[in-house]
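Input sequences plus hints: build the corresponding full structure.
Protein sequence lines, in the order shown, are assigned to chains Y and D. Here my numbering is used: the first sequence runs in plain steps of one and ends on residue 380. Here my numbering is used: the second sequence runs in plain steps of one and ends on residue 380.
Honestly, I wouldn't trust all of these hints.
What the hints assert, rightly or not - Some chain Y residues close to chain D (C-beta under 7 Å, calculated; not the full set):
hint	residue
1	D112
2	Q116
3	D174
No lab work stands behind these hints, which were simulated from the structure alone. The structure displayed is predicted, hence computed values, not measured ones. Where a beta carbon is used, it is the ideal one built from N, C-alpha and C, also for glycine.
The residues making up each chain are set out below.
Number of protein chains: 2
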Amino acid sequence: MKTNKSENNLKELGKDLSKQIKKGKDPSLTFTLRGLTNIVFDKKTKSLSLGNKKLMRTFFNLAHAKKFLQTIEIASVSKNLIKEEKHASLRDAFYQIKRTIPNTKVNIVDEQPESDKAIEDLEVITGLSREQLNFNANKNGSVAGRVVISDKGDTIDWSKLGSGGWSIPSNVEDIKFKKVNAKYILYMEKAAVWERLHEDKFWEKQNCIIISSQGQTTRGIRRLLQRLSEEYKLPIYILTDFDAWGFYIYSVIKYGSIALAHLGSKMTIPTVKFLGITANDIEHYGLNKHLIKLNDKDIARMKQIMDYEWFKDNKDWQEQFKLMKKMGAKAEIQALSSRGISFISEEYLPEKIKKKDFLD
Amino acid sequence: MKTNKSENNLKELGKDLSKQIKKGKDPSLTFTLRGLTNIVFDKKTKSLSLGNKKLMRTFFNLAHAKKFLQTIEIASVSKNLIKEEKHASLRDAFYQIKRTIPNTKVNIVDEQPESDKAIEDLEVITGLSREQLNFNANKNGSVAGRVVISDKGDTIDWSKLGSGGWSIPSNVEDIKFKKVNAKYILYMEKAAVWERLHEDKFWEKQNCIIISSQGQTTRGIRRLLQRLSEEYKLPIYILTDFDAWGFYIYSVIKYGSIALAHLGSKMTIPTVKFLGITANDIEHYGLNKHLIKLNDKDIARMKQIMDYEWFKDNKDWQEQFKLMKKMGAKAEIQALSSRGISFISEEYLPEKIKKKDFLD
Chain Y
21 MKTNKSENNL KELGKDLSKQ IKKGKDPSLT FTLRGLTNIV FDKKTKSLSL
71 GNKKLMRTFF NLAHAKKFLQ TIEIASVSKN LIKEEKHASL RDAFYQIKRT
121 IPNTKVNIVD EQPESDKAIE DLEVITGLSR EQLNFNANKN GSVAGRVVIS
171 DKGDTIDWSK LGSGGWSIPS NVEDIKFKKV NAKYILYMEK AAVWERLHED
221 KFWEKQNCII ISSQGQTTRG IRRLLQRLSE EYKLPIYILT DFDAWGFYIY
271 SVIKYGSIAL AHLGSKMTIP TVKFLGITAN DIEHYGLNKH LIKLNDKDIA
321 RMKQIMDYEW FKDNKDWQEQ FKLMKKMGAK AEIQALSSRG ISFISEEYLP
371 EKIKKKDFLD
Chain D
21 MKTNKSENNL KELGKDLSKQ IKKGKDPSLT FTLRGLTNIV FDKKTKSLSL
71 GNKKLMRTFF NLAHAKKFLQ TIEIASVSKN LIKEEKHASL RDAFYQIKRT
121 IPNTKVNIVD EQPESDKAIE DLEVITGLSR EQLNFNANKN GSVAGRVVIS
171 DKGDTIDWSK LGSGGWSIPS NVEDIKFKKV NAKYILYMEK AAVWERLHED
221 KFWEKQNCII ISSQGQTTRG IRRLLQRLSE EYKLPIYILT DFDAWGFYIY
271 SVIKYGSIAL AHLGSKMTIP TVKFLGITAN DIEHYGLNKH LIKLNDKDIA
321 RMKQIMDYEW FKDNKDWQEQ FKLMKKMGAK AEIQALSSRG ISFISEEYLP
371 EKIKKKDFLD
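Here's what the structure looks like:
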């Protein structure tokens, strides 16, 4: 299904261009402008999105010609990948179109950001996500829970994968959920915390799904969260450090990011909630002794985040930012280990979830 | 088995100390000195190891007291973990012993490097690895192949895990191999390359095991490689970029590192071979157009690596370094994608492996 839709969109694009050429026209592509001047916060979908400004790129324009060519080259790579049922990383895509234009000394691309941008352009032009164009981002993260999926002909039970769990692929568009038995999803930024919860059989006792990456959330993980949220209406709770980077992880999952604004609500999950660590947790769970003083980078990043449109009018979040400023400190999830190695899975998380003590 | 051995070692340590205290002695710990002045390249095991210098740490010595206490605290955390059959990350361990000594303003530890060092000391004192003391490093990486393991009561077939593969845990000491059907192991530094080979069913066609991390090899992966190498005599081939960081990944797996010299041959695999990318590959597979100019950092790192004891007298490696210098450039694995998206799995790897075109 997905493949056909993608292939058809690309064929349409090709047909349209060849029609223009046959008519003797200067071939052109018209699409929504990406870039800061055209990014808006869509209050209806609660996602960073592109506005209405359009861009026309024409081939016989010195300033456009190279980008035009790059976009078409990437479209051609994508079409071949879809036809061959293969996927390429962004780096692969770069090397696939990197070559010298015959009889010139000009390379189609010199650096990867050029092919990356061409892929983003193609996303806007076709209305397809990078994954649907068979370009994959980085792979990272693990998952465990009472879920059975079918993927590439294999049936995989996420509850029977020992201490490792299932390794989340970069592209989850084609996996099929066969059984999903869970009340909620807990997503955490740290693999070490995931291992703690997994060893404590947290997902078994709490009937939930646990997912982690290491640091920023990959697109594969975001799509996995989104699919489970949409297809099974599962609530998602986010567990990060009490610091600007943790808040940003939450913010990107919930509202999107500037880099991905052209995908709008396709990659955002407006229903996710922030579980912790919160300023109140620090008091309530006696973590005061384990605060870490904010450094200049922390403070600068906090200032940016406080001003995000969706945080600006949010009283609860502004309260968090104020408390952080007052403490002049951040705190890590693992500070909970000072209360005992399984305090997080036996006390902290069950209590927070039972009380629905979340930030929205 | 493992648990008992670890627990016994720690009990012995405790008994010995309490005996000293009961006798009215100043309690002391004697162990092999870690640090640059006592690191040697053991030519027999071909591993970076510690020399013969000893260190005595006594409690009633102002310069030693705190470190003494830290080591004993860590030993106590380890003993509890083993008893409860739980594992802690290094960060958890830090928070577990981080507290103020009663009636003082002194913390047992202020920064994680202190608890990390205490764990390393305990490794030297007890002769046990961090994993055997139930301290885990970071989790990363995926694996696929015709292997069936048993782990935490689950039976896991690495050949039936869809596009994701098995997510490698930080600690593989307790997994049991039930079936291993492979001719060799291919370990690669990049997750994107792993996804390429996995999609191409490389492990199925070539009857091998494919393992990747992202960047530096985690301890979990190194132990997994080592166990498969020792228990099943599987050859291991390393696939990295043609650059100083790639060579270093190979070097650490094969010969060890300064940071882990106290573990000597426990973490090294002297039989691993470097498959590529080599300088000769660049010529042979037409990658010259995809060379990336060396920057100052590359050059500085190369100078260090060229001088490693095991590379210094190795003609083949010196030839590689010379060729790199001559080209003034490095190259990435993914440059092979310029020859076609599956060139790596259909041509490059099968040919290199068939010809046994490795560096040792």
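Do the hints match the structure? See the list:
no. : hint : result
1   : D112 : holds, 4 Å
2   : Q116 : holds, 6 Å
3   : D174 : holds, 5 Å
Consistency with the previously given hints is maintained throughout, with no hint failing.
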